[in-house]
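When you get a sec, could you build the whole thing from the sequences and use the hints?
The listed protein sequences derive, respectively, from chains A, B, C, D, E and F. Mapped onto our numbering, the consecutive letters of the first sequence carry residue numbers 65 to 224. Mapped onto our numbering, the consecutive letters of the second sequence carry residue numbers 65 to 224. Mapped onto our numbering, the consecutive letters of the third sequence carry residue numbers 65 to 224. Mapped onto our numbering, the consecutive letters of the fourth sequence carry residue numbers 5 to 389. Mapped onto our numbering, the consecutive letters of the fifth sequence carry residue numbers 5 to 389. Mapped onto our numbering, the consecutive letters of the sixth sequence carry residue numbers 5 to 389.
Be aware that a few hints might be false.
To be verified - Using 25 Å as the maximum straight-line C-alpha spacing, the simulated DSS-like pairs for lysine-lysine come out as follows:
hint: 1; chain 1: B; residue 1: K146; chain 2: D; residue 2: K215
hint: 2; chain 1: D; residue 1: K44; chain 2: A; residue 2: K146
hint: 3; chain 1: C; residue 1: K146; chain 2: F; residue 2: K215
hint: 4; chain 1: F; residue 1: K44; chain 2: D; residue 2: K256
To be verified - Here are the simulated distance ranges between beta carbons:
hint: 5; chain 1: F; residue 1: G253; chain 2: D; residue 2: G253; range: 29 to 37 Å
hint: 6; chain 1: E; residue 1: V33; chain 2: D; residue 2: G253; range: 48 to 56 Å
hint: 7; chain 1: E; residue 1: K201; chain 2: D; residue 2: K44; range: 46 to 54 Å
hint: 8; chain 1: F; residue 1: Q14; chain 2: B; residue 2: L150; range: 37 to 45 Å
hint: 9; chain 1: A; residue 1: K154; chain 2: D; residue 2: V301; range: 41 to 49 Å
hint: 10; chain 1: E; residue 1: Y77; chain 2: A; residue 2: E116; range: 27 to 35 Å
hint: 11; chain 1: E; residue 1: D354; chain 2: A; residue 2: V152; range: 31 to 39 Å
hint: 12; chain 1: B; residue 1: Y143; chain 2: D; residue 2: K256; range: 27 to 35 Å
hint: 13; chain 1: D; residue 1: G253; chain 2: B; residue 2: F109; range: 52 to 60 Å
hint: 14; chain 1: D; residue 1: L216; chain 2: E; residue 2: I70; range: 51 to 59 Å
hint: 15; chain 1: E; residue 1: Y77; chain 2: D; residue 2: K256; range: 40 to 48 Å
hint: 16; chain 1: D; residue 1: F88; chain 2: B; residue 2: E116; range: 28 to 36 Å
Keep in mind that the hints were calculated from the coordinates and are not lab data. Heads up, the beta-carbon is just placed ideally off N, CA and C, and yes, glycines get one too.
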Amino acid sequence: MIFSFIQNIDTISAKVNSDSLNMVKTAIQDTVQQVSEKSLGDISFDFSKIAEGNGELISVVSMAVVFSSLALLSIFLIYLTKTLQLSVRKKREKTGEITPASPKAMDSTGEIDAAIFTALHLHFSELHDLENTVLTINKVQRVYSPWSSKIYGLRNIPRK
Amino acid sequence: MIFSFIQNIDTISAKVNSDSLNMVKTAIQDTVQQVSEKSLGDISFDFSKIAEGNGELISVVSMAVVFSSLALLSIFLIYLTKTLQLSVRKKREKTGEITPASPKAMDSTGEIDAAIFTALHLHFSELHDLENTVLTINKVQRVYSPWSSKIYGLRNIPRK
Amino acid sequence: MIFSFIQNIDTISAKVNSDSLNMVKTAIQDTVQQVSEKSLGDISFDFSKIAEGNGELISVVSMAVVFSSLALLSIFLIYLTKTLQLSVRKKREKTGEITPASPKAMDSTGEIDAAIFTALHLHFSELHDLENTVLTINKVQRVYSPWSSKIYGLRNIPRK
Amino acid sequence: MEQLLDALRQFFTYSGFYNITFGHVAMIVVGLLFIYLAIKKDYEPLLLVPIGFGILIGNIPFVENIGLQIGIYEQGSVLNYIYFGVLKGIFPPLIFLGIGAMTDFSALLSNPKLMLLGAAAQVGIFFTFIAALVLGFTPAQAGAIGIIGGADGPTAIFLASKLAPEFIGAIAIAAYSYMALVPVIQPPVIKLLTTKKERLIKMKPARVATKLEKILFPIAGLLFTTFISPSALPLLGMLFFGNLLKESGVTKRLAETASRPLIDIVTILLGVTVGASTQATTFLTPQSILIFILGAVSFMIATAGGVLFAKFMNLFFKEGEKINPMIGASGVSAVPDSARVVHTLGIEEDSSNYLLMHAMAPNVAGVIGSAVAAGILMSFLLHLV
Amino acid sequence: MEQLLDALRQFFTYSGFYNITFGHVAMIVVGLLFIYLAIKKDYEPLLLVPIGFGILIGNIPFVENIGLQIGIYEQGSVLNYIYFGVLKGIFPPLIFLGIGAMTDFSALLSNPKLMLLGAAAQVGIFFTFIAALVLGFTPAQAGAIGIIGGADGPTAIFLASKLAPEFIGAIAIAAYSYMALVPVIQPPVIKLLTTKKERLIKMKPARVATKLEKILFPIAGLLFTTFISPSALPLLGMLFFGNLLKESGVTKRLAETASRPLIDIVTILLGVTVGASTQATTFLTPQSILIFILGAVSFMIATAGGVLFAKFMNLFFKEGEKINPMIGASGVSAVPDSARVVHTLGIEEDSSNYLLMHAMAPNVAGVIGSAVAAGILMSFLLHLV
Amino acid sequence: MEQLLDALRQFFTYSGFYNITFGHVAMIVVGLLFIYLAIKKDYEPLLLVPIGFGILIGNIPFVENIGLQIGIYEQGSVLNYIYFGVLKGIFPPLIFLGIGAMTDFSALLSNPKLMLLGAAAQVGIFFTFIAALVLGFTPAQAGAIGIIGGADGPTAIFLASKLAPEFIGAIAIAAYSYMALVPVIQPPVIKLLTTKKERLIKMKPARVATKLEKILFPIAGLLFTTFISPSALPLLGMLFFGNLLKESGVTKRLAETASRPLIDIVTILLGVTVGASTQATTFLTPQSILIFILGAVSFMIATAGGVLFAKFMNLFFKEGEKINPMIGASGVSAVPDSARVVHTLGIEEDSSNYLLMHAMAPNVAGVIGSAVAAGILMSFLLHLV
Ligand code: NA
Ligand code: NA
Ligand code: NA
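What follows is the structure, encoded as structure tokens:
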């Protein structure tokens, strides 16, 4: 039985092939026609729908709410920062510590930033998702240590 | 439209604020009153409920079962230990091995324990959950190194 | 109450024990009988069932389909390899690169293979699941580098 | 413009600012307190941070059942889908699987008789059960409340999901709160019930358990405990399964996965939804407060039970074999906090008295003990009574 | 023999070769294109590879509803079970949990006013919403389509699952396609709307945020945003929860699990089913094509919104304090691609102008902004209107 | 007092000691045997430990359907919830995803014609299918039993869940048992069917596959196999998806997650519930024993099929190109055990004959082959017949 089957396999496959080719051809023709017909028929512009769906109203209110949420959070953060810095300063004054140079002073030369950002740039040019960003930043921070010449240490970070 | 909206925003926010403050105030008053009323009204002591709910019966039987489960397991473990030690000893006797000092002898000085437990203590004082416990114990074993003569016996624990 | 309970515990446990022993005994007898009865009664050979269930038909068609799927994929891969090698060669001819020794030439001595397979063998003898296989192969590939004496590098692979 | 104001006003009525009640504020404060205790005091942070933040999430005020699917009790919400794992008792066994895969039962194997201390400390469960009956809870509710005395979060949540789903939140919060507060609750009870001489007792160092014993333990543990109390199977089956994965030596990767990503994922999901289930509108009731009070008492009784039984056991041991009764307190479980508490107390009295490994034995036995107790309570309260 | 041929022929009518249509071919080509872009061009490969292969899986032709349970829309099929997590909006919050656990909000903390740029860029959402209304979509559908402008995959899928489940596939594909194409879409818009002088503005280096600020941020973030828009709770609750796990310092292992195995598992399952949901028989409609076109416009408007608002903010800042308006474009989110695009543009103009950290601030704010917007749209379109 | 005794006695009637039958004892012995083989003999421990312990868990005797929700077949029990993933065929595709992400198809790519051996070995499936019909099983049951000859656990469980859910336990246990016993079953069959001269054939070392080939393989594999047999899509779709994640080079973290935590979690849950599904009360039937016997025969036929087809193929190859017919035996899959068995046999005959990499080709082809076969059986038995 199997042998006669094998003898017939050519016939079958020939039939199958012509069948399938016809199928594919008809299918392509049908679909192309369908899609193009539908596309033309269905799309239309109806500006009355905006008012009907309360489009303007929803949009304006929503944007206002988005803005106010983020503004509120932003104001809170600004206020928080001030409060924290104030409390730190008070503490220091009490304990008679010498106030260290303000963070701004530290940034004046820009060299450090340049170093960090160059390093970041080098890395980022090869990175592609959020996690990598974070990992990289961590790496940079870890590598950055007082004894390393400002640029040297950063350039040699092995890329993964 | 948007500009007139922005002009009105102060009015809205004022209204919203007074509204919300009133809400919060009323809400607090209501809830405090509710909870205190309920608390006073609902709690009562009714000892007849114990018998009704078979409290004594369930408790005694349950404690008995808990005890017997753990006792059974404990007896099995004691028996298991004895059997295993016996079989090990028999094997050794057969093969003519010299029986090593019993584990108890090893413990006599207490110095080793002190070492282990100090190490454990140091670690544990910084640990906070179950997993850490396990990890620490592993760490301790790993930390022991050839130069500590006292602990020699411990170094032979097969590391997994 | 608890104390009188404790005094009675022996009686209970005696009763419980004889109860449970009887249970177990009866249960074993019943089950053994049941299973053996069923086993004898239920099994029978009925070859007419093959045709009834289209056994031959399904089997032959299925085997044919399995073969043709894998054959198709296999033909595709053979064809793919040839195409890729062809396109690489064309590229090289264009750029005037010297064609390197064919991969086959590299294999002629068999020494490298021996090294790889010995290493693999050593590892495989201790490995037991698919993942390990993969890991090992990777390790080997990583360690294998042109400048390392043929066997030396392979033997020193750190086992995990 | 008018329309806009109307829309804004209407939107505002659906905001948290409009729907806030004193209950929400109170619960948010509780959530913040949990987070504070976790971060600042380092009390069980792996549980208190998720639960604490979950309390915040659960107490953002909103309008329920208007199709927005926000709240944990609204069908179709994400929190509701996740909470399913709590409500059906699926998460606790998975946590037990992970705990099994990271627990070393050596301490127990080297001194099996200490296992009885893990049984004795379960007395807190039954005392609380009776007290809850007296206070008017139904038997099923009383059983669920009693289990707080087992000092085992997953067991408590599992039993509550079966016996009193309406109290899962309160029971879980109480259980985890007191587990976090073990360093505060246990020392006075222990000191009250022991003499200085007893607290100074030194115990012989434990022997090392062999690999074979460690492999046989989870198998024997499963058979002995669940043959007696089959209802404990979901919890103990998974606990011992995890432990066999750890000890078999041939399934290391499964044990690692069970004890890291699996238990972490379940902990995150369980923590945040248990926290969120304390939605003020359903949570702040006199019952919740009663449950909290009963929980505290339960922990004290359990501690006392363990310590007193240790003293009782000492009656049968000759000098030099006696156990330090403080380790009885570790029988409540709350692994490993209560063992650490006992160890610290031991060090306070005599800086060379290292009780930690000894206390670990009743500590892990307490986990088994309360799971068995939970199984028995289920049998009685779901079926037999 | 005849019987055999019949069986083979019949089997053939159930094969892919028999049931193929032009649609299947077209979608398979799209799937291959996605995979090509991901591997060769490295566009968002963590999403485009799963989605691309999912498109292949979903477009293997077969005969539906004959009990074989193959297709994603056939009840009982594996793909259908996994798709449940997409359809019910369960996966997106879990992805947000992981994103929260790996996002560093420092940039935002050190310059909070940049948060407004993350709000401004959401204008793309509402423009598209209105455009979709005009094109005849229902308000709910229009809202779901609009969110493509939020440039945030999980948010888009979440909102689509609530408002227009019939378009989840199209919306997700559009959102991820354009997120991948951010480096192509944004630069021309940015250049069109800024002068060379503006593009050369250098910003002061950001200060370092303290640990306390980082801990308080997720808590404050949750309360402020969800009190205003409770419907954003599923997304923002999880985002900030994940971030607290990261920043608390005491739940490192939970943060690691949330940001590796948990988010990866969900990404795999979400990606492949979202891809497979583009089954040609239901996907290739004129609407899908419209959604795609609207998505492109949406991204451009959003970019423009961010840039223009940045220029507007500059009116209020004195010289030396001004912000580089290009970073406004990062407000669309598409983290971190759009920040990188801005950084690259900055470098092009002046190789010493490092805008990356500054651009990260509106970038992460954009995530929060579009989640809030999604919450508001849900409130309006599911209930209020 | 009397009341107490009554309660105790009643409680006892619900204990395992009271409800034990010979079946329980027998199955517990089987479970212990599995664990012993896994730990001592190292036979597929990642599967036999979970299944073995699952058998113990499933055979703790208890009273069913009294509301305690203990057993795997009781609705609402934890085991029942987890078993859902087995019963609905969800777990096997996820395992295939992980397997794809850890399988290196290089061996197959470097010698594609060996793929036919993976087809030939599937003859065991159909032989067993016919034998099962003769023994009185229904066609659907016979198909599910036949697949044991595919030597692929997930495929067997998947097909059983679709065709004969009542036999999932027996089929899974049989499949995994024989996969563990491959080193015992295969060598005699191989030796019987090959001459010493054949066993000494050395094969040319395989060439190294290029990265492009590795990337194209999963894509082509999906299209070619599932276009022919769409019902294999759930299995092969996930297998090739996992493999693309591995080979794409840009989705490493997803491949790592799929091949570690994801597959481990699913393996744990699948193993323990498949084990537990052998609850004595439903498992110990003559059919289970028949399935076991048929499984053994199935493996031998499959091995013979692979070896004989290899010899048949050799008729067409000239000297020096001939394949060692032993590698045909690896076509059964049981990756990588059967490849290792062949390798060991090769070494026994000639210590310089390294067949491992060659045997890996039919080995992985066998996985694809049996998944295709499963798909075809599904089509026929669920719909066409
Ligand atoms: Na306990
Ligand atoms: Na956004
Ligand atoms: Na196979």
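Verification of the supplied hints:
1. B/K146 to D/K215: Roughly 15 Å between the alpha carbons, so the hint for B/K146 and D/K215 holds.
2. D/K44 to A/K146: Distance of about 22 Å is within 25 Å: holds.
3. C/K146 to F/K215: Measuring from Cα to Cα gives roughly 15 Å; hence the hint holds.
4. F/K44 to D/K256: Holds: F/K44 and D/K256 sit about 15 Å apart, inside 25 Å.
5. F/G253 to D/G253: 29 to 37 Å: This hint holds: roughly 35 Å between Cβ atoms.
6. E/V33 to D/G253: 48 to 56 Å: holds, 51 Å
7. E/K201 to D/K44: 46 to 54 Å: holds, 49 Å
8. F/Q14 to B/L150: 37 to 45 Å: holds, 40 Å
9. A/K154 to D/V301: 41 to 49 Å: Distance hint for A/K154, D/V301 holds at roughly 44 Å.
10. E/Y77 to A/E116: 27 to 35 Å: holds, 31 Å
11. E/D354 to A/V152: 31 to 39 Å: Check passed, 35 Å falls within 31 to 39 Å.
12. B/Y143 to D/K256: 27 to 35 Å: holds, 30 Å
13. D/G253 to B/F109: 52 to 60 Å: Holds, since D/G253 and B/F109 (Cβ atoms, about 55 Å apart) stay within the stated range.
14. D/L216 to E/I70: 51 to 59 Å: holds, 55 Å
15. E/Y77 to D/K256: 40 to 48 Å: For D/K256 against E/Y77, whose Cβ atoms are near 41 Å apart, the range 40 to 48 Å holds.
16. D/F88 to B/E116: 28 to 36 Å: At 34 Å between Cβs, range holds.
Of the numbered hints stated above, none is contradicted by the structure.
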